[in-house]
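Enquirer: Let chain A serve as the given structure and place chain B on it in line with the hints.
Top to bottom, those sequences are chains A and B. Per my numbering, the very first residue in the first sequence carries number 2; after that it's consecutive. Per my numbering, the very first residue in the second sequence carries number 114; after that it's consecutive.
Since the hints were derived computationally from the structure, they do not count as laboratory data. Just so you know, not all the hints are guaranteed correct.
To give an idea of the chain A side of the interface with chain B (calculated C-beta under 8 angstroms), a few residues [to be verified]:
#: 1; residue: Tyr25
#: 2; residue: Asp62
#: 3; residue: Arg81
#: 4; residue: Asp82
#: 5; residue: Ala85
#: 6; residue: Leu86
#: 7; residue: Arg88
#: 8; residue: Arg89
#: 9; residue: Phe96
#: 10; residue: Asn100
#: 11; residue: Leu102
#: 12; residue: Thr105
#: 13; residue: Leu113
#: 14; residue: Gly119
Here chain A is said to cover these stretches of chain B; the calculated rule only asks that three of the stretch's residues, wherever they fall, bring their Cβ under 8 angstroms from a Cβ of chain A [what the hints assert, rightly or not]:
#: 15; segment: 119–130
#: 16; segment: 444–456
#: 17; segment: 460–472
Note that CB positions come from ideal geometry on N, CA and C, so glycine has one too.
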Amino acid sequence: MNESTPLIRLIGLHKIYGRGGASYHALKGIDLSIHEGEFVAVMGPSGSGKSTVMNIIGCLDTPSDGQYLFRGMPVETMSRDQRALLRRHFIGFVFQGFNLLPRTTALENVELPLIYRGHPAAERRAAARAALRRVGLDNWEHHTPAELSGGQQQRVAIARAIVTGPKVLLADEPTGNLDTRTSAEIMDLITALNREHGITVLMVTHEPEMARYARRIVRFVDGRVESDRYAEPAS
Amino acid sequence: MIGNALLLSMRAIRRNLLRSMLTVLGVVIGVAAVITMVTLGNGATRSVSDQIASMGSNLLMVRPGQRMGPGAADAPKFRIADVEAIRTQIASIAAVAPVVNTAVTAVHQARNWATTVTGTSNDYFAAGNWTLASGREFTDAEQRAGKAVCILGSTVREKLFEAENPLGSEIRVKQFACEVIGLLRTKGQSAMGSDQDDVIVMPLRTVQRRLSGSLDVNLIMVSVTTPESIDAVKAQIESLLRERRRIGDSEDDNFRVMDTRQIAETLTGTTRVLTMLLGAVAAVSLLVGGIGIMNIMLVSVTERTREIGIRLAIGALEREVMLQFLVEAVVLSCLGGLIGIVLAAVASVTLAGAMQVPFLFSPSINLIAFLFSGAIGVIFGYFPALRAARLDPIEALRHE
Numbered sequence: 002m003n004e005s006t007p008l009i010r011l012i013g014l015h016k017i018y019g020r021g022g023a024s025y026h027a028l029k030g031i032d033l034s035i036h037e038g039e040f041v042a043v044m045g046p047s048g049s050g051k052s053t054v055m056n057i058i059g060c061l062d063t064p065s066d067g068q069y070l071f072r073g074m075p076v077e078t079m080s081r082d083q084r085a086l087l088r089r090h091f092i093g094f095v096f097q098g099f100n101l102l103p104r105t106t107a108l109e110n111v112e113l114p115l116i117y118r119g120h121p122a123a124e125r126r127a128a129a130r131a132a133l134r135r136v137g138l139d140n141w142e143h144h145t146p147a148e149l150s151g152g153q154q155q156r157v158a159i160a161r162a163i164v165t166g167p168k169v170l171l172a173d174e175p176t177g178n179l180d181t182r183t184s185a186e187i188m189d190l191i192t193a194l195n196r197e198h199g200i201t202v203l204m205v206t207h208e209p210e211m212a213r214y215a216r217r218i219v220r221f222v223d224g225r226v227e228s229d230r231y232a233e234p235a236s
Numbered sequence: 114m115i116g117n118a119l120l121l122s123m124r125a126i127r128r129n130l131l132r133s134m135l136t137v138l139g140v141v142i143g144v145a146a147v148i149t150m151v152t153l154g155n156g157a158t159r160s161v162s163d164q165i166a167s168m169g170s171n172l173l174m175v176r177p178g179q180r181m182g183p184g185a186a187d188a189p190k191f192r193i194a195d196v197e198a199i200r201t202q203i204a205s206i207a208a209v210a211p212v213v214n215t216a217v218t219a220v221h222q223a224r225n226w227a228t229t230v231t232g233t234s235n236d237y238f239a240a241g242n243w244t245l246a247s248g249r250e251f252t253d254a255e256q257r258a259g260k261a262v263c264i265l266g267s268t269v270r271e272k273l274f275e276a277e278n279p280l281g282s283e284i285r286v287k288q289f290a291c292e293v294i295g296l297l298r299t300k301g302q303s304a305m306g307s308d309q310d311d312v313i314v315m316p317l318r319t320v321q322r323r324l325s326g327s328l329d330v331n332l333i334m335v336s337v338t339t340p341e342s343i344d345a346v347k348a349q350i351e352s353l354l355r356e357r358r359r360i361g362d363s364e365d366d367n368f369r370v371m372d373t374r375q376i377a378e379t380l381t382g383t384t385r386v387l388t389m390l391l392g393a394v395a396a397v398s399l400l401v402g403g404i405g406i407m408n409i410m411l412v413s414v415t416e417r418t419r420e421i422g423i424r425l426a427i428g429a430l431e432r433e434v435m436l437q438f439l440v441e442a443v444v445l446s447c448l449g450g451l452i453g454i455v456l457a458a459v460a461s462v463t464l465a466g467a468m469q470v471p472f473l474f475s476p477s478i479n480l481i482a483f484l485f486s487g488a489i490g491v492i493f494g495y496f497p498a499l500r501a502a503r504l505d506p507i508e509a510l511r512h513e
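This is chain A alone, in the form it adopts within the complex:
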């Protein structure tokens, strides 16, 4: 793989839900390339197809037509298990609703992806601790989600996403459930991860203030890319 191969490349991507008269054309030919190390905000009104495209990029969904190349590998022909392995090794998810396992400590939540990767217990624990330290939660290892604030829960979720050292972080409205101050903290953390660790970040948001953290903003309207522009770095 050379420098010019994009991490993510979508070519003429279509997504149609349902069949016949009740079908819904969610994506109408998307072409998009994202290179390693980029910080991209995906914006657009609801129903514009931005969540659909994120699901496809996250290998959770498959396109109806067109091509999706992840590091040059065609994803649209992969089996369910192959896509699961791709997620396991290269992709970290951060959700609006945090999606932590309930009644499970922060440490065990962060450990989870490493269990599926088959890391030995000691290594797993050390990596999970390091990830929690990275998001600033060193003293909250043994707290369950119910004992943490929203911002802290999102930090645990971010720690879980980065603990495997993924190529790309997919964040779906990561600040949607947080207040302004906490949102800024979370965005600072994501920005730092992008700058310091070179993790490619792809973030869906409808808030322009959050999109300002990104260096590139892709705007979706009605299943098409309406605009794709590089922003001035946030001051």
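Expert: Then chain B, alone, in the frame of chain A:
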């Protein structure tokens, strides 16, 4: 991969400990019931065979009629002459005792007690494996004259005399007074469950004259010298009695010679069938316990849809999610099995004590019940696990 599934399953079980425990309750009860039933049944079988041994070994029981129970009363009874014929004409016999049983109420002072009088000879003690605790057997003169003397079983002795020494005292049976000349050593329950010590032994003639009012003999007990000669003696008694009772070649016997081995086989056969029956009923409850597990696992899959979505998004393979839920079900049901085994041990020991049967620990039934509980986990856990694994991650993550 199994190790991982085990780790994940244990964490999931721990997260919902109360529900997990309630889930396995059905299996706990099922396993405990199966093991307890079979253990008690085995104990009962053993106690039956022990009690038959206590009846006397190498013993033949000759009864009128082909079967025990209804119809037996129609067959002609024996006479004392039949007993004498057996005694004189058949070799390899240690003792022959005629037996007549009559129900009576025995009275001593203000106490009375409903019991059975057995009219017989001194040979009864040898044949029936009885020993005297004190006193003496009947004298020839007493037997010939049918004198009013008796030997008490320990139950009758307790009921009528409590702490008193009954030797030399008199008890009243029907209209006559009877001197107590001996006491039998305690023998315990019989194979049929009756109290063998609830008996008054009198000379045969005394009972025939004063109580039954006939010369009939209900039962002849024959004790054989060696176990090997049982079959030969049995055949000889049969041909002798056919001759004496004038039974034609084409007719069936109107009496029956049973040996204790046969009785033992019949009775232990019965208890074994009962054990299997109870075990089978208990096994149904184990099955119901399995359905309980499936039910809860299905609920759990629905309730944990979001969790499954998270796992899938993180990169869990379909088979890993499947395995986790399957292992959860198996761990739960095996745990239920273990708790059930402990519970069964406690229940068996307690109940065996209460029912006066020996506690026989059976490793095989414990192992079988445990493996069965594991199998139930696999069978009833499979469908919910499959359902979990097949979930669409996007839908699952959206699930509230």
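Enquirer: Evaluate each hint against the coordinates.
Expert: Cross-check of the supplied hints:
no., hint, verdict
1, Tyr25, "violated (15 angstroms)"
2, Asp62, "holds (6 angstroms)"
3, Arg81, "holds (6 angstroms)"
4, Asp82, "holds (5 angstroms)"
5, Ala85, "holds (5 angstroms)"
6, Leu86, "holds (7 angstroms)"
7, Arg88, "holds (4 angstroms)"
8, Arg89, "holds (3 angstroms)"
9, Phe96, "holds (7 angstroms)"
10, Asn100, "holds (5 angstroms)"
11, Leu102, "holds (6 angstroms)"
12, Thr105, "holds (6 angstroms)"
13, Leu113, "holds (6 angstroms)"
14, Gly119, "holds (7 angstroms)"
15, 119–130, "holds (count 5)"
16, 444–456, "violated (count 0)"
17, 460–472, "violated (count 0)"
The structure fails hints 1, 16 and 17 (numbered hints given earlier, in ascending order).
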